[in-house]
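A.B. asks: Listed below, chain by chain, are the residues.
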Amino acid sequence: MFRNQYDTDVTTWSPTGRLFQVEYAMEAVKQGSAAVGLRSRSHVVLASVNKAQSELSSHQRKIFKVDDHIGVAIAGLTADGRVLSRYMRSESINHSFTYESPLPVGRLVVRLADKAQVCTQRSWKRPYGVGLLVGGLDESGAHLYYNCPSGNYFEYEAFAIGSRSQAAKTYLERRFESFKESSREDLIKDAILAIRETLQGETLKSSLCTVSVLGVDEPFHFLDQESIQKVIDTFEKVAEEEEDGGEAQAEADAPVEQGGAGDQDVAPMEM
Amino acid sequence: MTFTIPIDNGDALKNAEADSQRTLYPYVTGTSIVAIKYKDGVLMASDMGGSYGSTLRYKNIERMKAIGKHSLLGASGEISDFQEILRYLDELVLNDNMWDDGNSLGPKEVHNYLTRVMYNRRNKFNPLWNTLVLGGVKNGESYLGMVSMIGVSFEDNHVATGFGNHLARPILRDEWHADLSFEEGVKLLEKCMRVLLYRDRSAINKLQIAKITEEGVTVSQPYSLKTFWEFKAFNNPTAGAEGSW
Numbered sequence: 001m002f003r004n005q006y007d008t009d010v011t012t013w014s015p016t017g018r019l020f021q022v023e024y025a026m027e028a029v030k031q032g033s034a035a036v037g038l039r040s041r042s043h044v045v046l047a048s049v050n051k052a053q054s055e056l057s058s059h060q061r062k063i064f065k066v067d068d069h070i071g072v073a074i075a076g077l078t079a080d081g082r083v084l085s086r087y088m089r090s091e092s093i094n095h096s097f098t099y100e101s102p103l104p105v106g107r108l109v110v111r112l113a114d115k116a117q118v119c120t121q122r123s124w125k126r127p128y129g130v131g132l133l134v135g136g137l138d139e140s141g142a143h144l145y146y147n148c149p150s151g152n153y154f155e156y157e158a159f160a161i162g163s164r165s166q167a168a169k170t171y172l173e174r175r176f177e178s179f180k181e182s183s184r185e186d187l188i189k190d191a192i193l194a195i196r197e198t199l200q201g202e203t204l205k206s207s208l209c210t211v212s213v214l215g216v217d218e219p220f221h222f223l224d225q226e227s228i229q230k231v232i233d234t235f236e237k238v239a240e241e242e243e244d245g246g247e248a249q250a251e252a253d254a255p256v257e258q259g260g261a262g263d264q265d266v267a268p269m270e271m
Numbered sequence: 001m002t003f004t005i006p007i008d009n010g011d012a013l014k015n016a017e018a019d020s021q022r023t024l025y026p027y028v029t030g031t032s033i034v035a036i037k038y039k040d041g042v043l044m045a046s047d048m049g050g051s052y053g054s055t056l057r058y059k060n061i062e063r064m065k066a067i068g069k070h071s072l073l074g075a076s077g078e079i080s081d082f083q084e085i086l087r088y089l090d091e092l093v094l095n096d097n098m099w100d101d102g103n104s105l106g107p108k109e110v111h112n113y114l115t116r117v118m119y120n121r122r123n124k125f126n127p128l129w130n131t132l133v134l135g136g137v138k139n140g141e142s143y144l145g146m147v148s149m150i151g152v153s154f155e156d157n158h159v160a161t162g163f164g165n166h167l168a169r170p171i172l173r174d175e176w177h178a179d180l181s182f183e184e185g186v187k188l189l190e191k192c193m194r195v196l197l198y199r200d201r202s203a204i205n206k207l208q209i210a211k212i213t214e215e216g217v218t219v220s221q222p223y224s225l226k227t228f229w230e231f232k233a234f235n236n237p238t239a240g241a242e243g244s245w
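Residue numbers (the UniProt record's numbering), protein chains in the order written: chain A, 1 to 271; chain B, 1 to 245.
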């Protein structure tokens, strides 16, 4: 995209009917580190790549718990993402307080989208520079949505956002038809594999990614380093075995554990 | 055509004239509601009377109404406040339906919403003068709860308001059990309503029974209970003890 005379104001249309400021905001999403989301009938998995400013600093938090039944992964301006997460938490908890019942994720997503739209139609505001993958439950099961700075939202079987997300999307496109009926463990494995695609050859280590799960009978929570590493080991091992001549995969569906202590190389703010 | 401009006297707590805008006493009131959970859902009974103080003034007031697809609301106390609550709930259900997304408000959500409304009004010293009974069924689960005008709220297998608390609940405590059939439930409610009819002076002999199941709400046509006044003790009631009683 090149600079043009219609891109200064969010409230200026271009002659071809585009709002360039909104499109530039969507570019900001593409610059952030990758995040992927997948869902089955009963579970949603959100995973992200841990990017740190430098070796000295901790990595940025990209996945947030909104409620027991809703989580969000962001890509783009993390500060904007944090603010929107706080809004989502607020909406969710207010609904819970009044109705003693979880806010259906579809309704939260619409409110979020309407909030984003406001910023595309006020001259004194700017669009939020963050894309949100919202995973959550409602009466009909598990859902995954993508909220855009433009104020649009879409429901997905699986999606990836951020830098090098195209590689993850290609992987997901090949396999998404099986996700609906996937088991929880397979879904987690596919999420980590999708993240691996975005690393372009870099070795996949559990310290490089954050994985979170929520399900119909499972409140939102993060997987610990050990559990993630175990899943990584199953397919890294397969790669080795294939080099040795293709034995059957021994631990393809090893259940992933939750809870427990992290490793020593975990940054202090990592979940 | 004339219409009055509503007078806004300001803060209902600090301004003396504004006092006339707060609820101080009830005027037209409904008496007890009795409700029980049964095998297929919830049964609720109420009479159709609206008292104006000690006068049994209105005889055709429906004090039970369906709310959305899954709930039934019964009210005792000030009838105009009940109508106000129905307007709030109408708006709530309307907005819920407008989402058109497969999610709907169940009885638990409505009960908690009403609890918030009643409690907040009580905190402003401007209560809705009702005791509400909220029953319903959603996804096979029965729900029955109550909210009072001061925001006291709870769920139970059987509830009653007003005089029903004193006259009906002892009967229910003895005779209610899980998985009552429809006929058993109706008989039990009629037993309670008969006692109330004999002993509650604001009760009238014209009642409705409402049923809510997974399929929906049905409110019966009004009917009356058979009563018996020929007990020997009613003849010469003061025979045993002279007095002004």
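The hints are simulated quantities; they were obtained by calculation from the structure and are not laboratory data.
Where a beta carbon is used, it is the ideal one built from N, C-alpha and C, also for glycine.
There could be a bad hint or two in this list.
[Stated by the list, open to error] Think about it this way: if two alpha-carbon atoms lie no more than 27 angstroms apart in a straight line, the pair counts; the simulated DSS-like pairs of lysine-lysine are:
#1 Lys232(B) <-> Lys65(B)
#2 Lys138(B) <-> Lys180(A)
#3 Lys115(A) <-> Lys230(A)
#4 Lys206(B) <-> Lys65(B)
#5 Lys65(A) <-> Lys232(B)
[Unchecked claim] Rough simulated footprint, nothing fancy, chain B against chain A, three-plus residues with beta-carbon under 8 angstroms:
#6 137–144
#7 182–189
[Stated by the list, open to error] So these bits of chain A aren't anywhere near chain B, every CB distance computed over 10 angstroms:
#8 Leu19
#9 Glu27
#10 Arg41
#11 Gln166
#12 Glu197
A.B. asks: All hints, please: hold or fail.
C.D. replies: Evaluation of the provided hints:
1. Restraint check for Lys232(B) and Lys65(B): not satisfied, since their Cα atoms lie roughly 40 angstroms apart, outside the 27 angstroms limit.
2. For the hint linking Lys138(B) to Lys180(A), the alpha-carbon distance of about 26 angstroms falls within 27 angstroms, and the restraint holds.
3. The straight-line distance between the Cα atoms of Lys115(A) and Lys230(A) is roughly 40 angstroms, outside the 27 angstroms bound, and the hint therefore fails.
4. Distance restraint check for Lys206(B) and Lys65(B): the Cα-Cα separation of roughly 17 angstroms lies within the 27 angstroms cut-off, and the hinted pair is therefore satisfied.
5. The straight-line distance between the Cα atoms of Lys65(A) and Lys232(B) is roughly 72 angstroms, outside the 27 angstroms bound, and the hint therefore fails.
6. Chain B is given as covering the stretch 137–144 of chain A, and this holds because 3 residues of the stretch bring a CB closer than 8 angstroms to a CB of that chain, at least three being needed.
7. A count of 0 residues in the stretch 182–189 of chain A with a Cβ less than 8 angstroms from any Cβ of chain B is obtained; the coverage claim is therefore unmet, three being the minimum.
8. The claim that Leu19(A) is not at the interface with chain B holds, since no C-beta of that chain comes within 10 angstroms of its own (minimum 28 angstroms).
9. With a minimum CB-CB distance of about 31 angstroms to chain B, Glu27(A) clears the 10 angstroms threshold, and the non-interface call stands.
10. Non-interface status of Arg41(A) relative to chain B is upheld: no Cβ of that chain comes within 10 angstroms, the nearest being about 14 angstroms off.
11. With 10 angstroms as the threshold on Cβ separation, the claim that Gln166(A) sits away from chain B holds: the shortest Cβ distance comes to roughly 31 angstroms.
12. Separation of Glu197(A) from chain B is adequate, the least Cβ-Cβ distance of about 33 angstroms exceeding the 10 angstroms criterion.
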